[in-house]
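Q: Residue strings, one per chain:
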Amino acid sequence: MFVKLPRVLLLVLALASAVSSARAEKLPPAIDWLPEQALAVIQVEQPKVILDAALNPGLQALLEATPEYRQALAAPQFVQFRAIVTYFEAKLGTDWRAAARKLLGGKLLLAAGPHNRVVLMLDTEDAELLGKLHSELVTTARADAAGKGREDKIKSADYQGVECWTFDGREAHAIVGNRLIMASHNEVLKAVLDLKANSGASLARSDFYKAAKAAVGDSAVAWAFANLSEVKQQPAFIEGLNRARNPAVTFLSAGLLDVARTSNWVAARIGYENGAARLTLLSDGRPGDDTGFAWAKSGDGAWPNLVVPRQLAGITLYRDLAGFYSQKDKLFPERTSGLVFFENMMEIFFSGRKLTDEVMGEAQPQIRLVAAAQKYDGAAPVVQVPALALVFRMKHPEQFSDVAEEAWQKGLGLLNFTRGQKALQGMIIDKPSHAGVTYSVAYFSKASAEDREHLPIRFNFRPALVKMGEYLVISSTDGLANDLIDALQKEKAAPPRPVSGVNTLLTLDAAQAAALVEVNRSALVADNMVKKGISRERANKEFDGVLMILKRLQSVSLSMGDKSQHTELTLEVKLNLP
Amino acid sequence: MKRSNPNAHDTIDPAWAWSAYQPNGAQPWNLAWAGHLLRRAGFGAGWRQLQATLAAGPAKAVDGLLARPAGLAGFTRDFDAFEASAVGPDSEEIDGLRGWWLRRMLESPQPLEERLTLFWHHFIGASNVRAQNGLLMRKHVQVLRQHALGSYQELLVALSRDSATLLSCDDDEKATSSPNVGFARALLENYTVGPGVATPIDQREAARAFAGRYVMGKQYREVPSQFDRAEKTVLGRSKLQTGEDVIAAALAHPATARNVVRRLYGWFISETAPPTDGLIEPLAESFRRDYQVLPLLRTILRSNLFYSPHAYRQRIKSPIEFALGLILAFDGLVPTTPLGADLLSLGQGLCTPPLLRGWEGGKGWINRFTLLARANLAAALVAADGRYGGNLDPGSLAAAQGARSPEALSKFLIDLLLQGDLCEHSRQIVKAATTTNAARRAVEAVAVLPEYHLV
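Protein chains in written order, with numbering that gives the first Met the number 0: chain A, 0 to 577; chain B, 0 to 454.
These aren't lab readings, by the way, just hints derived from the structure by calculation. In this text, all values refer to a predicted model and were calculated from it rather than measured experimentally. In this text, a Cβ means the ideal position worked out from N, Cα and C, and glycines have one as well.
Taking lysine to aspartate or glutamate and the DMTMM-like style, the derived pairs with C-alpha atoms no more than 20 Å apart in a straight line are:
#1 K327(A) - E357(A)
#2 K530(A) - D392(B)
#3 K530(A) - D384(B)
#4 K530(A) - D330(B)
#5 K421(A) - E91(B)
#6 K530(A) - D79(B)
#7 K531(A) - D330(B)
#8 K445(A) - D89(B)
#9 K47(A) - D217(A)
#10 K530(A) - E92(B)
#11 K530(A) - D77(B)
#12 K421(A) - E92(B)
#13 K540(A) - D77(B)
#14 K138(B) - D450(A)
#15 K421(A) - D169(B)
#16 K25(A) - D122(A)
Simulated DEER-style distance windows between Cβ atoms:
#17 D12(B) - H453(A): 50 to 56 Å
#18 Q26(B) - Q76(A): 52 to 58 Å
#19 R334(A) - P353(B): 36 to 42 Å
#20 A374(B) - G412(A): 48 to 54 Å
Okay, the calculated bits of chain A under chain B, using three or more residues with CB under 8 Å as the criterion:
#21 453–464
#22 519–527
Please work from the sequences and hints to get the whole structure.
A: Structure, rendered in structure tokens:
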């Protein structure tokens, strides 16, 4: 029986199987054979950890919940691929999972260079199995070509004492000891084999690579390196950075885009342990004067996140507001006229105080944002949105807290007035107390609601302003304001230490997110139906897929800062896997 | 299709015109008439529905379209809830409402109800440009839908308390001291007796009857202390006190039924030639008895005139008819929020008719810009991807019907979209555009034909 082998598939299988004969041989690390022209390289140090995670039944279920994954499985190409895999399972007398663990069990290196040159080096654990698979592939491909009356394109030749193969005349691969080397072009394979023969310069000897390797450390499951010294000269890269530059992105990313301009290299470390996947990006880029607003002096940093009941997310930032705004002309010269208008408006709210020095300058750089699901008194609105609050620390609360409250009340007055102009319901302003703290709240009276059983979205908002010592809290609801008063009183009793060197910390509780999504099911499904033009059944299925993913997640956290003279960004995803 | 002079409406015998059509050798029931009925009583149909309608014959098919389907109440309840989640009371935003209304037109188990809801929307002309509130427009459309096939009198009474209608007529305040005549004028000049019948005194007297009815805080309110309880005389009828009395008096005037029937005639029969008073009088006379819409529609949809060259392709498709006809033909669903925006750019923004008399319609739909925009919309609707998501797949549908070769595909698409009624020249254009695996291109070719722009 002949099996039809598509060319791409043939190359993929060859990639994992082109071992002719294996002799145990101690080889130097694959990186030593990688030419210095490589722009990016990924090295998988512990492939079995990744294989185990990828084959975890919980993760499989998570993937199967996504429509894209299901579509990919149903695609004719995948069905054909699966049939071929089954064929080779029978030929080799093993199942693909076991074969994958043996073939991919060693280290793996994948690199890319200029002009779409790619090379892969795989250190296999079972060279015998690879040899058998390679031999089967060669036999099958030759039989397939003969059966169709086509030319046999499989060729082999010797270079630097190594037998090199090609399946299609373009790719080239070879086996050295238990290492498979596969290159997109034969000159790439030649460069690798030249390095093996100690001729030429390897990437491993470059200063940038060495610095990145030292920053990443030895414990990574996998890690990647990219040489930015070449990339950042590219017009497309510079244009991309400029296009992404706007006040909100610059503020939230702590000027990370500008850090990228000064970076020579960037590295990514991937870790996986106890159901938690962690990606850390490191760079030697440093913030400039323009973006110094987010980079704390030694020992300082963002404060830890506040914790409240039903918390959905917490974000804590180290941002010098006045420092950020004072750089506006350098950071966003094209937006100056718009910002002047904003500044003038703010000066009205703050009774003529200068926005940069006399308003923003009154805030300490520790800013915290909390999002939490709401608990409603009586009927809940038809669409439920989480409560949000910003917590500032004031430098001179005795002077500035009343200024802030005055601006707050002006804002509410303006809101009520403009809503009144449109004949819409206004807010009632009140001064309740919680735990001995009296604060300001505004709310819509349910007595004036159009339909008290189906409250509109505005009933998600009961904005509150809390002045509590050095703290100033602006919350979208009084419920969250009350919870924050409790949390801040605990914090006052035991003041936290700043997280040294960190300017951004984000945590997301996936269970709360899933609960929030679930209570809004009907609105979200309806929105999906009308915006995508799909049936209710399909919209429900897609919703269930998203919900399943959220339920399989436990938490997501992100931190960013300046650690050990490197800019570092870490994303951690904890999974709920069986 | 037998061609005669479709514009000679002055020579039509009313008795023949409104008698029930019986298929015969000269005017047989065929696919073209089935398509004509489904376009006029709904927004078009797919292949299976065309075939089912053809098999049913005209009488059964019309009865089916007029009957209230069992699932309609549940459908309405569900869609009311969908709309409620998309339209907030504090917002002028109506994109969601437009999207859901278009979706109803595509999926309603009784398309005729949506067709009439759209007609009354056009007839009443209330607009979000004046109401500036999505919730008010949603309630307005619900009122139109609730009474679309019922009593016209009840519809008018409901509209006299509908905020969006009153705001659209500039009636946001009506006090006894200076009653605003906006709604009263619209009631008499547009909704009942028509232009030139009521005098300014009639309008002022009618306005007094509606005094004390307010739209404040985006809500309709009645303030009894502001009612004008004195007797009024409107259209020669005296001793009228309330707004409801004025509506009843206007409906009793012979011009009212003629005015409404004339507008319905333009919507269902022909907009190329205005009907004579004699031609529409039999319909007006029966309508005047109880102002029930459904029996009137039954007469129209079963009439000889409806199945005659005087009606066939005697209207230009509105943008909604153009787009929904294409979507329904391919049994598909598309994202209707962007569709609402595209239809607005073609001149038919749901909830924003430009005048109290609705859209100009007819030749007003067509100019160089809109023809190009219609072609682009058709191409976008059947494109493999893009803003309509590639949801419509003419090739698969044709293949399912066995139309795989270019010749078979071309014939199938002409039958589906134009029920085979196409001149040889146009047929050759479609054939030339139809190659294997190019169903989408062939649909684009059909959609730019003059015949496809007629309904």
